[in-house]
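Chains as they are written, first to last, in our numbering: chain D, 1 to 277; chain U, 278 to 554; chain R, 555 to 831.
Hints listed in this document are in silico derivations from the structure and should not be mistaken for laboratory results.
Using N, Cα and C, we set each Cβ at its ideal position, and we do this for glycine too.
Accuracy of the hints is not assured; some may be wrong.
[Unchecked claim] One-sided excerpt, in silico: chain D residues whose CB lies under 8 Å from chain U: (1) 34; (2) 52; (3) 55; (4) 116.
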Amino acid sequence: MTQKEWLEQIGGILEKVRSKKPLVHHITNYVTVNDCANITLAIGASPIMADDIGEAADITAISSALVLNIGTLNERTIESMLVAGKQANKTGIPVVFDPVGAGASELRNRTTRRILEEVKISVLRGNLSEIRFVAGLDSRTKGVDASEEDSRGGLQAARDTAQAVSKRLDCVTAVTGAVDIVTDGTRTLYLKNGVPALSGVTGTGCMCSSLVGSFCGATENFLSAAAGGILCMSIAGELAAERAKELGSGSFRVALVDAVSRMSAEILEERAKLDEA
Amino acid sequence: MTQKEWLEQIGGILEKVRSKKPLVHHITNYVTVNDCANITLAIGASPIMADDIGEAADITAISSALVLNIGTLNERTIESMLVAGKQANKTGIPVVFDPVGAGASELRNRTTRRILEEVKISVLRGNLSEIRFVAGLDSRTKGVDASEEDSRGGLQAARDTAQAVSKRLDCVTAVTGAVDIVTDGTRTLYLKNGVPALSGVTGTGCMCSSLVGSFCGATENFLSAAAGGILCMSIAGELAAERAKELGSGSFRVALVDAVSRMSAEILEERAKLDEA
Amino acid sequence: MTQKEWLEQIGGILEKVRSKKPLVHHITNYVTVNDCANITLAIGASPIMADDIGEAADITAISSALVLNIGTLNERTIESMLVAGKQANKTGIPVVFDPVGAGASELRNRTTRRILEEVKISVLRGNLSEIRFVAGLDSRTKGVDASEEDSRGGLQAARDTAQAVSKRLDCVTAVTGAVDIVTDGTRTLYLKNGVPALSGVTGTGCMCSSLVGSFCGATENFLSAAAGGILCMSIAGELAAERAKELGSGSFRVALVDAVSRMSAEILEERAKLDEA
Numbered sequence: 001m002t003q004k005e006w007l008e009q010i011g012g013i014l015e016k017v018r019s020k021k022p023l024v025h026h027i028t029n030y031v032t033v034n035d036c037a038n039i040t041l042a043i044g045a046s047p048i049m050a051d052d053i054g055e056a057a058d059i060t061a062i063s064s065a066l067v068l069n070i071g072t073l074n075e076r077t078i079e080s081m082l083v084a085g086k087q088a089n090k091t092g093i094p095v096v097f098d099p100v101g102a103g104a105s106e107l108r109n110r111t112t113r114r115i116l117e118e119v120k121i122s123v124l125r126g127n128l129s130e131i132r133f134v135a136g137l138d139s140r141t142k143g144v145d146a147s148e149e150d151s152r153g154g155l156q157a158a159r160d161t162a163q164a165v166s167k168r169l170d171c172v173t174a175v176t177g178a179v180d181i182v183t184d185g186t187r188t189l190y191l192k193n194g195v196p197a198l199s200g201v202t203g204t205g206c207m208c209s210s211l212v213g214s215f216c217g218a219t220e221n222f223l224s225a226a227a228g229g230i231l232c233m234s235i236a237g238e239l240a241a242e243r244a245k246e247l248g249s250g251s252f253r254v255a256l257v258d259a260v261s262r263m264s265a266e267i268l269e270e271r272a273k274l275d276e277a
Numbered sequence: 278m279t280q281k282e283w284l285e286q287i288g289g290i291l292e293k294v295r296s297k298k299p300l301v302h303h304i305t306n307y308v309t310v311n312d313c314a315n316i317t318l319a320i321g322a323s324p325i326m327a328d329d330i331g332e333a334a335d336i337t338a339i340s341s342a343l344v345l346n347i348g349t350l351n352e353r354t355i356e357s358m359l360v361a362g363k364q365a366n367k368t369g370i371p372v373v374f375d376p377v378g379a380g381a382s383e384l385r386n387r388t389t390r391r392i393l394e395e396v397k398i399s400v401l402r403g404n405l406s407e408i409r410f411v412a413g414l415d416s417r418t419k420g421v422d423a424s425e426e427d428s429r430g431g432l433q434a435a436r437d438t439a440q441a442v443s444k445r446l447d448c449v450t451a452v453t454g455a456v457d458i459v460t461d462g463t464r465t466l467y468l469k470n471g472v473p474a475l476s477g478v479t480g481t482g483c484m485c486s487s488l489v490g491s492f493c494g495a496t497e498n499f500l501s502a503a504a505g506g507i508l509c510m511s512i513a514g515e516l517a518a519e520r521a522k523e524l525g526s527g528s529f530r531v532a533l534v535d536a537v538s539r540m541s542a543e544i545l546e547e548r549a550k551l552d553e554a
Numbered sequence: 555m556t557q558k559e560w561l562e563q564i565g566g567i568l569e570k571v572r573s574k575k576p577l578v579h580h581i582t583n584y585v586t587v588n589d590c591a592n593i594t595l596a597i598g599a600s601p602i603m604a605d606d607i608g609e610a611a612d613i614t615a616i617s618s619a620l621v622l623n624i625g626t627l628n629e630r631t632i633e634s635m636l637v638a639g640k641q642a643n644k645t646g647i648p649v650v651f652d653p654v655g656a657g658a659s660e661l662r663n664r665t666t667r668r669i670l671e672e673v674k675i676s677v678l679r680g681n682l683s684e685i686r687f688v689a690g691l692d693s694r695t696k697g698v699d700a701s702e703e704d705s706r707g708g709l710q711a712a713r714d715t716a717q718a719v720s721k722r723l724d725c726v727t728a729v730t731g732a733v734d735i736v737t738d739g740t741r742t743l744y745l746k747n748g749v750p751a752l753s754g755v756t757g758t759g760c761m762c763s764s765l766v767g768s769f770c771g772a773t774e775n776f777l778s779a780a781a782g783g784i785l786c787m788s789i790a791g792e793l794a795a796e797r798a799k800e801l802g803s804g805s806f807r808v809a810l811v812d813a814v815s816r817m818s819a820e821i822l823e824e825r826a827k828l829d830e831a
């Protein structure tokens, strides 16, 4: 497919998000949960957050997509994630998994493995350190950001890792970084939008997963959905930087949500830098 | 009472909120809790959030109002809500209850029933689907927004439902929607302010309950308090839309808090569309 | 040391925060946790929030500073705070403790005592009511703000209280208020920046503790680190008030984060009002 064809497809999904308003169930961290809810609304979907095990499955059963994010995992919510994930598989709705900080603690490592063993994932989205952890490679992460060591192999090594993960887990894998890689194991896209200011506000990764979840709630084409969610975030970052970067990171963050709320197929087509590998 | 008299009364309560700065204890959801705290400060009251059962009653005992919101209820905080609610009844302070998502899961339904059985509520605030659930009617909610089916009966049906709930629970019931209905079972007010953009940011319902709680902390007239809290939110929405809607939902949200922080008896009198039914 | 020398030292630490990007582990409240993460990023450090007892020590072990904040403490996170605090002592990284609402409930009082008994603190930061509670004095707090009664003794009484606490706990004590007091028990600084608008948004105290934690992650001079964190917050408040106070508290809050993200040694030197007692 040409870049134009990819972007037409992605733009079409965005329009479906806006018209269908899919309900996107999140079990996510309490640091950025408000941002996730607002970005989900901004793109046109409808967020719901319900993490008690007494209702996690019920809420999943009425949703169109499920986003699992282990940013502030705890014993209670880990079990809810598993229950919700299994319900999503049963109901047949997509699961987006964001293994925040995988590699940084034994609890995160163990939980990441459990979720991947017990739940069928549609899209795995993380930074390179997190995806390398999933791939079984030695990850050098210190915290929730990708480590520099992990990036030394360059784009090709990252692509190989993502493809291997996708093949093993039969899912779309999205590695976000300076260049984003999205692959289903066979087809691979490079996305080259974005600005450094995005790492100056918390939750841009989490919000990106929420956007991917919103897209997934409106299509069965998860490769394009993942690319669409990521492009919306990174293009919004560019637009926000143009408008507000000089003002500071508070204004940038407001402008970021603004730009997502005004995102359109036209803006995507105009600004997206997408190459098929 | 004429519209002018209602608004003078409501404006007077707003001024009392600003001078008395009532402490408003919230046990609420973690998605919008920061917005609830900021909107409580913006209207001039003082927020405190304490949900551990080991202190829920102590904190309620030093507060002027209690807001219970089940947006992200869990086994631990449900018990704290009950303890805090009973303490509020004992101390004699008003309880505002926001049954977020009642009808969407069995846990929410059961919890809503338990709170209404064990705690005397002063103001019940929700969307039509939530209030219909409390009324024992068949609610079609899918998530945390009111369903379209539930609105088909029109304004009169919604008013009848609200009045029946108020009579049964001996409380003020506020149904927020395109037209807001506030009733104590006998007297009923229609409030016609607001803009669609309010549903484009998360937590406007929760913030509305916080404002109602802030008003309730400064008066014993809960009908006017509920109307006042709702009017502040919906008029702030109009002012925010005038200033920021074109920019996007991030800027709208900032302008919304701005407008609440600058709300006055004069603005209320000038803009409020209030009719007694 | 002259004011100029103090500010050169503090400016130097700020530059180290920006270049070293210390990882600052927070176990904090869910009301303002997003603000804490964003302000930590804004000053140039890297936030991580992990409160499950299964990983609290692991995450502390890879961090450069630990911030403990009991704003919404609960049975689960109290234990995690103790485990993380002990790990911080073992690893040799500084612990900043913010006893939010100490004096307001028996749970907060008991937890404050336990943390101070079991964990060696580097910096204690609170309002006067909280610090008076730690000092064993009768605190009149009602909620999370300092009470007026507690302030009646004036600046000198507050300074004596802070110095006594510092000597007993062998830590830096920072009492924030109209005038901020920072002391290691021997040397004492008065900081006179800030604006009343800072108390119109939630979490400015919590954010201040995050900034102190960020500074502490880049130096072993905790007295200057505490002063630096506080000055960044209060000067940012002044800059935000100049830019946005007329707009309302929503805009003020955005401008506050902007100002922290643009803070520099030059701005500190130009605006800081610092006196050694």
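Task: Indices of hints not satisfied (ascending) - done: Hint 4 alone not satisfied by this model.
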